[in-house]
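Visitor: Sequence order for the protein chains is X and Z.
Throughout the first sequence, residue numbering follows full-length UniProt numbering, covering 1 to 358 in sequence.
Throughout the second sequence, residue numbering follows full-length UniProt numbering, covering 1 to 326 in sequence.
Mixed in with the good hints there might be a few duds.
[Unchecked claim] Some chain X residues flagged as far from chain Z (calculated, every beta-carbon gap over 10 Å):
hint: 1; residue: Ser-87
hint: 2; residue: Asp-171
hint: 3; residue: Glu-276
hint: 4; residue: Trp-281
hint: 5; residue: Asp-335
hint: 6; residue: Pro-342
[What the hints assert, rightly or not] From the structure, some residues in chain Z lie toward chain X, with a derived Cβ separation under 10 Å:
hint: 7; residue: Arg-52
hint: 8; residue: Arg-144
hint: 9; residue: Phe-244
Derived by calculation from the structure, the hints in this document are not laboratory data.
Since the model is a prediction, treat every value here as computed from it, not as a measurement.
Glycine included, each C-beta is placed from N, C-alpha and C at the ideal position.
Single-letter residue listing:
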Amino acid sequence: MSIAAKFEIEYLQYLDQDGKETGKEMPAFAKDLDHMVELYKLMVSTRVFDTKSIALQRTGKLGTYASCLGHEAAHVGIGSAMRREDSLAVSYREYGAQLYRGVKPREVYTYWGGDERGNDFAEAPAHDFAWCVPIGTQCLHAAGSALAFKIRNEPRVAVCTIGDGGSSKGDFYGAINVAGAQNLPLVAVIVNNQWAISVPRRIQSGSGTLAQKGIAAGLFCIQVDGNDIIAVRKAMEDALERARSGQGGSVIEAVTYRLGDHTTADDARRYRGEQEVKDAWARDPVPRLRKWLEAQGKWDDAKEEAWKAECDDWMDNEVNAYLESKVQPATAMFDYLYAELPADLEKQRELVASLDRK
Amino acid sequence: MAQITLIEAVTQALAYEMRNDDRVVVLGEDVGVNGGVFRATQGLQEQFGEMRVIDTPLDEGTIAGLTVGLAAQGMRPVAEAQFEGFIYPMMEHIACHAARMRNRTRGRITVPAVWRAPWGGGIRAPEHHSEANEHLFTNIPGLRVVLPSSPARAYGLLLAAIRDPDPVIFFEPKRIYRQYKEEVPDDGEALPLDVCFVLRDGTDVTLVTWGAQVKECLEAADALAEKGISAEVIDVATLTPLDFDTIAESVTKTGRCVIVHEAPKTAGFGAEIAARLSEECLYSLLAPVERVTGFDTHIPLFRLEMKYLPSVERIVEAAERTLAAS
């Protein structure tokens, strides 16, 4: 038998689920323990933020919200590896990555609270994309960004994130396909949380790993423990470096678990068993990193309490800023439709203005 | 000065803008070495290289999504859909992202992109190569839908479309790609978007149309003139945002209106114009508004397609009915 092609997919893990090192040589960034503490603190603040968001929704102060519970290592790992000039195209729950890049919790609340102004980031990079609800479409926006960077010969990388379900979409395949064909600086991260609303990973795709989808596109592919931030961050750093230096794009599959419902409009008890969720909590990324930091002598109960209290204050402040923001005038629906409002729409705008005055 | 066809005017506009603005790139299937299946991008890759005239993988969704990404990161992409019948996989990116990005982000991210597509019937092409589907785009807020009807307007409107800060669908009537030549100076002068062009003055009836059907309307106006009927002909050119004032002014003067388009009648863009006339010009009308359109069927394969497309005869008859009514 002659072989036309064969491949293997590396699996990367530095910390096991108890926070013990697997014996692999730690990457350079992980030896900077103060930096690791910063990453841990952002994972905790992301979780505090997420808890607050759900509470806001349950009390009618937020619309439908997509929780990131359980994805903190994957998301912070992605965001923390990127440079500011790189571009990020997310779907709608990658808050850990976005907070690292400067998106404010109040902006998240504003968007999911029914106001487009939440997408007008004040401090995050202006070239980062907005939340993208149509599944998978952001992958091609990232590929287009990567193409723009390549055309202009800029050492920048476009990153997109997508779920296990999203990796079934043509847009995902189209993005990695063109990235391979044109050698684009694209890093596509599949955050595989096992569930696409109610559809489990096993009937989402017959692909043995989701990472290997990138093999057919000619990209570098790796699967990592998505609850191990060191593994996610290392895979991201390597992928970004390859892309930045013209060596091509990557697909990273970060294997994690959606500990919460798909959104606040979903009830996951309808389609998955308690035991599975219980088992997944044992792999929770936040205590895993905490245990490791404690073993390094960099974290303890007092610090945990102090930081959580600080996060509570921070989020309360963000929530208040959101709740106190005034609703836009109704004519705001016309304000950014075109660069300049076409004459033909002025009458409609006037009508809305008059209704608003009533 | 060289006389050029409509398709050569498209090429001339693309080349002009690529010479003058590094941000302009062209992408699509076969747009590179092959110069496009209609040759709209002929010679551009030789002039501007593979990084600015990009042969993409054969996936319309990919082309459309790349276009959004390029524009969002400061480029001025001009994407080609090989035929208007293949534009459907592009529509998600056009409707859900290109048209909404400015609104969604309160102006932080914009999508100054153009989607070009050969449009309409009458070239004896296979199935899916002859559609008139502009009305599927005119109902999408935040877009411009532009249809040139002559070499000069193709040149001037395409330059305007590329320079426009918002996304534009630019449908090129392929039936008249090579119908005639005219002088089109390569002076970089854009024509205004969002305005109708009055191609012929008249006093008895207004013929309102766009795209290839401009040809039939001008011929109908000639035929009507022989019968002593003076027809005004308006090329709408930019369907949305609509310059209704020009149409209203004309119909107020003539009191009669025939709207002509290739697309199916029901919910075609002619329905919007007729509705506006009833809202704003009813008391000036001397006769019911007539619509001469494709039928509410699929455009037949080419043995029958000319029976589907509005003919000079149908337009003349409709105009005469408006005159008979008053």
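Visitor: Would you mind marking each hint as holding or not holding in the structure?
Guide: Okay, the hints, checked on the actual structure:
Listed as outside the interface, Ser-87 of chain X is inconsistent with that label: its C-beta sits roughly 7 Å from the nearest C-beta of chain Z, within the 10 Å cut-off. Residue placement check: Asp-171 of chain X does not keep its beta carbon more than 10 Å from all beta carbons of chain Z (closest about 6 Å). The beta carbon of Glu-276 of chain X sits about 33 Å from the closest Cβ of chain Z, which is more than 10 Å, so the claim that it is off the interface holds. With a cut of 10 Å on Cβ distances, Trp-281 of chain X stays outside the contact zone with chain Z, its closest approach being about 35 Å.
With a minimum CB-CB distance of about 8 Å to chain Z, Asp-335 of chain X fails to clear the 10 Å threshold, and the non-interface call is violated. A Cβ of chain Z approaches the Cβ of Pro-342 of chain X within 10 Å, the least distance being about 3 Å, so the stated non-interface status is violated. Below 10 Å, beta-carbon pairs count as interface contacts, and Arg-52 of chain Z has one with chain X at about 7 Å; its hint therefore holds. For Arg-144 of chain Z, the interface hint holds, the least distance from its beta-carbon to any beta-carbon of chain X being 8 Å, beneath 10 Å.
About 6 Å separates the beta-carbon of Phe-244 of chain Z from the nearest beta-carbon of chain X, less than 10 Å, and the hint is met.
Hints 1, 2, 5, 6 from the list above are not met by this structure, while the remaining hints are.
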